[in-house]
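Trainee: Same order as they appear, the protein sequences are chains A and B.
The numbering of the first sequence is our numbering, which starts it at 1 and goes up by one.
The numbering of the second sequence is our numbering, which starts it at 1 and goes up by one.
The set of hints was computed from the structure by calculation and includes no laboratory data.
This structure is a prediction, so every number in the text was calculated from the model and none was measured.
Ideal Cβ positions, reconstructed from N, Cα and C, are used throughout, including at glycine.
Among these hints, one or two may not hold up.
Said to hold, decoys possible - Distance windows between CB atoms, simulated: (1) A/Trp82 with B/Asp134: 36 to 42 Å; (2) A/Pro215 with B/Gly41: 31 to 37 Å; (3) B/Ala103 with A/Gly275: 46 to 52 Å.
As the list claims (entries may be wrong) - Some, not all, of what chain A presents toward chain B, calculated at C-beta under 10 Å: (4) Ala187; (5) Val189; (6) Ser201; (7) Gly207; (8) Pro215; (9) Thr296.
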Amino acid sequence: MTGELTTTTPVARGVEAPAAAPGRPGGARSRGARRLPPSLVVGAALVGFVALVGLVSLFWTPYALDDTGTGERLAGPSAAHWGGTDRLGRDLLSQLMTGAGNALIVAAASMLVAGVLGVAVGVLAGATRRWVDVTLLSGVDLLIAFPTLLLAMLIVTVRGASLSSAIWAIGISGSAVIARVTRVNVARVLREDYVTAAHASGTGWWGTVLRHVVPNVWPTLLVQLMLLGGGAVLAEASLSYLGLGAPPPNASWGRLLQEAQSTMLVQPWGAILPGVAIVVAVLGLNLLGDGIRERTDPNLRGDR
Amino acid sequence: MTAPVLEAVDVVRTFGATRALDGVSVRVEAGRSVGIVGESGSGKSTLLRQLLALDSPTAGEVRYRGEPLARRDRGLLRRLRADVQPVFQDPRSSLDPRMRVGAVVAEPLRSLKVPGDHRERVAEVLAAVGLDPDVASRYPAQFSGGQRQRIAIARALAPRPSVLVADEPVSALDVSVRGQVVDLLQRLAAEQGLTLVLVSHDIAIVGRLCERTVVLHHGRVVEEGPTASVLADPQEAYTRRLLAAVPQLPGV
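Let the sequences and hints guide you as you build the complete structure.
Mentor: Next up, the structure:
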């Protein structure tokens, strides 16, 4: 996955650079006139596709998720079952569609949890007193060292296996990374001369945060959150693979993989399709993050 | 006699065991630009932060027009902020890369709630530093180092200060544009009646821009006086060494 990304980035920039270099001589350039980075377009298309499928699944799926009497068991793709059926005869496409919705719900909600928690902790650590910084960072370090899986098991033990348990587990452990990134970036911006210049011209704490810190930090954070979203899709798949995610009859890509494991040699589609779905969603979120970075980084914007 | 615009009185600033400033007294009188010279680590920048009220002295005090600066005195601080503006060394770092030039230059006006049409004033100061008013809609990354420093100077001029505190304003720039920025500062000082406080390790530039020179060494003032006499007839061994280390620029 990462290998794929690192090869995508230079190519994307290589395409972007010559297009931007001739530029429009002088004058103001409008944001809309510039070409969108390819990674942004492809990422948005992949995520948009998964989101659309997930949205449709909320209202309609070809078959009910627990309908076992729809035809042959462990069948390959056919006109009646585009994705084939599983060992109980349930329609695979219906489960994949519902899985798409669940994957993105978990990704979005855990991004929200991680974002709110992480940014709050990161800003407090980066922009206030030193002892607050040290205290919060030791907490964050503990959380980073704490395995997500163990945290998930703890939460599931307390709250029972459900989508929201998965969300809290992934969100809380993701917040540690967001807190670190926020703190580093807030501290970096606060050290810049433009913040000193702002202070020397009478800009107060809030003005500094709103005018300088937030605009300089949010693109990095958004990229980080998108990467976290990709990680969340993977984490949700792992948790439900282990039975710590949403319980049946609700569908999840991770559980589809787990169920297909024993019948993979008989009917490989049951494993291939959810696998591909996971790759598409994670790749889409990662590309989206990369594209946002390319779009918002001022060092990649305008003339040099 | 009127009080100096800015005055440091026996200012001491320590960082842990280091005494960055060890009893420094400097007077900045209206219309008489002051150069502060010394090597890296001599306390120049620390002194400058004191004069800009960005940092409090460990001992001693900084006075603005005769009144000692205190953290709590909001009114006095506000008057100081409007009247004493900074220019930093590296315009790559002193201009927010995500703000348009217009917003950068207008920031002191907004923060200090200066009345009047900010756009008009932005165009005015951009013209004063030799930039087209159209640049207001662009981002700092689209300009060269020299142009960026002009933008930084325009920002400093915006609230009509009487003192410009410049920390090595040309040392991060290409040698080819240094002269232009020095010319600009000289012209602005003359035309707008600005008093410069120029921190530099480049004695040649201080020689051109400043009437008086203060030599700092290890956080102490080792020599001060009219620039001409400090440069022509240095009394202290340290100043002589500093002068000897400067390559003479032709025509300066």
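Trainee: Look at each hint and say if it fits the structure.
Mentor: Tested hints:
no.: 1; hint: A/Trp82 with B/Asp134: 36 to 42 Å; result: violated, 58 Å
no.: 2; hint: A/Pro215 with B/Gly41: 31 to 37 Å; result: holds, 34 Å
no.: 3; hint: B/Ala103 with A/Gly275: 46 to 52 Å; result: holds, 49 Å
no.: 4; hint: Ala187; result: violated, 15 Å
no.: 5; hint: Val189; result: holds, 9 Å
no.: 6; hint: Ser201; result: holds, 4 Å
no.: 7; hint: Gly207; result: holds, 6 Å
no.: 8; hint: Pro215; result: holds, 4 Å
no.: 9; hint: Thr296; result: holds, 9 Å
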